[in-house]
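Residue numbers (my numbering): 344 to 491.
Please note that the accuracy of each hint is not assured.
[What the hints assert, rightly or not] Cβ-Cβ distance ranges computed for the label pairs, FRET-style:
| id | residue 1 | residue 2 | range |
| --- | --- | --- | --- |
| 1 | K412 | L359 | 35 to 43 Å |
| 2 | K473 | D349 | 18 to 26 Å |
| 3 | L371 | V408 | 14 to 22 Å |
| 4 | E454 | P434 | 39 to 47 Å |
| 5 | D362 | K383 | 42 to 50 Å |
| 6 | L418 | N444 | 15 to 23 Å |
| 7 | N378 | E454 | 18 to 26 Å |
[To be verified] Here are the simulated DSSO-like pairs of lysine-lysine, each with C-alpha atoms no more than 27 Å apart in a straight line:
| id | residue 1 | residue 2 |
| --- | --- | --- |
| 8 | K430 | K361 |
| 9 | K412 | K402 |
| 10 | K421 | K379 |
| 11 | K486 | K463 |
| 12 | K379 | K355 |
I should point out that these hints are in silico values taken from the structure, not numbers from a laboratory.
Virtual Cβ for every residue (Gly too), placed ideally from N, Cα, C.
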Amino acid sequence: MALIDDIREDLKQAMLGKDKLRTSTLRLVLAAATNKEIEKGEFLTDEEMLSVLSSEAKKRRESVVEYKKGNREDLAEKEEAEIEILKKYLPEQLTEEDLQNLVKEAIAQTEAQDPKDMGKVMQALMPKVKGRVDGRAVSDLVKKFLTT
Numbered sequence: 344m345a346l347i348d349d350i351r352e353d354l355k356q357a358m359l360g361k362d363k364l365r366t367s368t369l370r371l372v373l374a375a376a377t378n379k380e381i382e383k384g385e386f387l388t389d390e391e392m393l394s395v396l397s398s399e400a401k402k403r404r405e406s407v408v409e410y411k412k413g414n415r416e417d418l419a420e421k422e423e424a425e426i427e428i429l430k431k432y433l434p435e436q437l438t439e440e441d442l443q444n445l446v447k448e449a450i451a452q453t454e455a456q457d458p459k460d461m462g463k464v465m466q467a468l469m470p471k472v473k474g475r476v477d478g479r480a481v482s483d484l485v486k487k488f489l490t491t
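Using the sequences plus the hints, can you model the full thing?
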């Protein structure tokens, strides 16, 4: 069963169970997926659906930061609860240690020497970590390793 079908089935169950937060979160994800399908002109693959889910989770993480800056803990908690719902569909997130090991491997594989080689390292690394860690964290770590 495709990932999008799993989400649709979970949406039905959330609606039957009158779980308002899960229902609204899954509806927003499916709306984003539908928009992506319309833009693309065909159905999404599971990999593309993971990209949509990652994007939705990232939006919510950014919202949490902004809500906390604005002392809106109630809204930050709602966004965090939505992130927990989305985590069910995302691959397991990498630990800092695992990410460091993957960055070191990519640097060795590409024989990168300095920050000018960052593009090569990122190109080799991103397919391995896509959806499992924030791209900015990867970029920052690669930059750190290449400048030391």
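Outcome of the hint check:
1. Restraint check, K412 to L359: a C-beta distance of roughly 37 Å satisfies the suggested window 35 to 43 Å.
2. A beta carbon spacing of about 19 Å between K473 and D349 agrees with the range 18 to 26 Å that was offered as a hint.
3. The given range of 14 to 22 Å is respected by L371 and V408, whose C-beta atoms sit roughly 19 Å from each other.
4. Range check, E454 to P434: Cβ separation about 28 Å, and the 39 to 47 Å hint is violated.
5. For D362 and K383, the hinted distance range of 42 to 50 Å is not satisfied, since their beta carbons lie about 30 Å from each other.
6. The hint said 15 to 23 Å for the Cβ distance between L418 and N444, and at roughly 36 Å that hint is violated.
7. A hinted range of 18 to 26 Å for the beta carbons of N378 and E454 is inconsistent with their spacing of about 41 Å.
8. Under the criterion of a C-alpha separation no larger than 27 Å, the hint pairing K430 with K361 is consistent with the structure, at around 20 Å.
9. Between K412 and K402 the alpha-carbon distance is near 16 Å, which keeps this suggested pair within the 27 Å criterion.
10. About 25 Å separates the Cα atoms of K421 and K379, which keeps this hinted pair within 27 Å; it holds.
11. In summary, the hint linking K486 to K463 is supported, as the alpha carbons are separated by about 12 Å, within the 27 Å threshold.
12. At roughly 21 Å between alpha-carbon atoms, K379 and K355 fall within 27 Å of each other, so this suggested pair holds.
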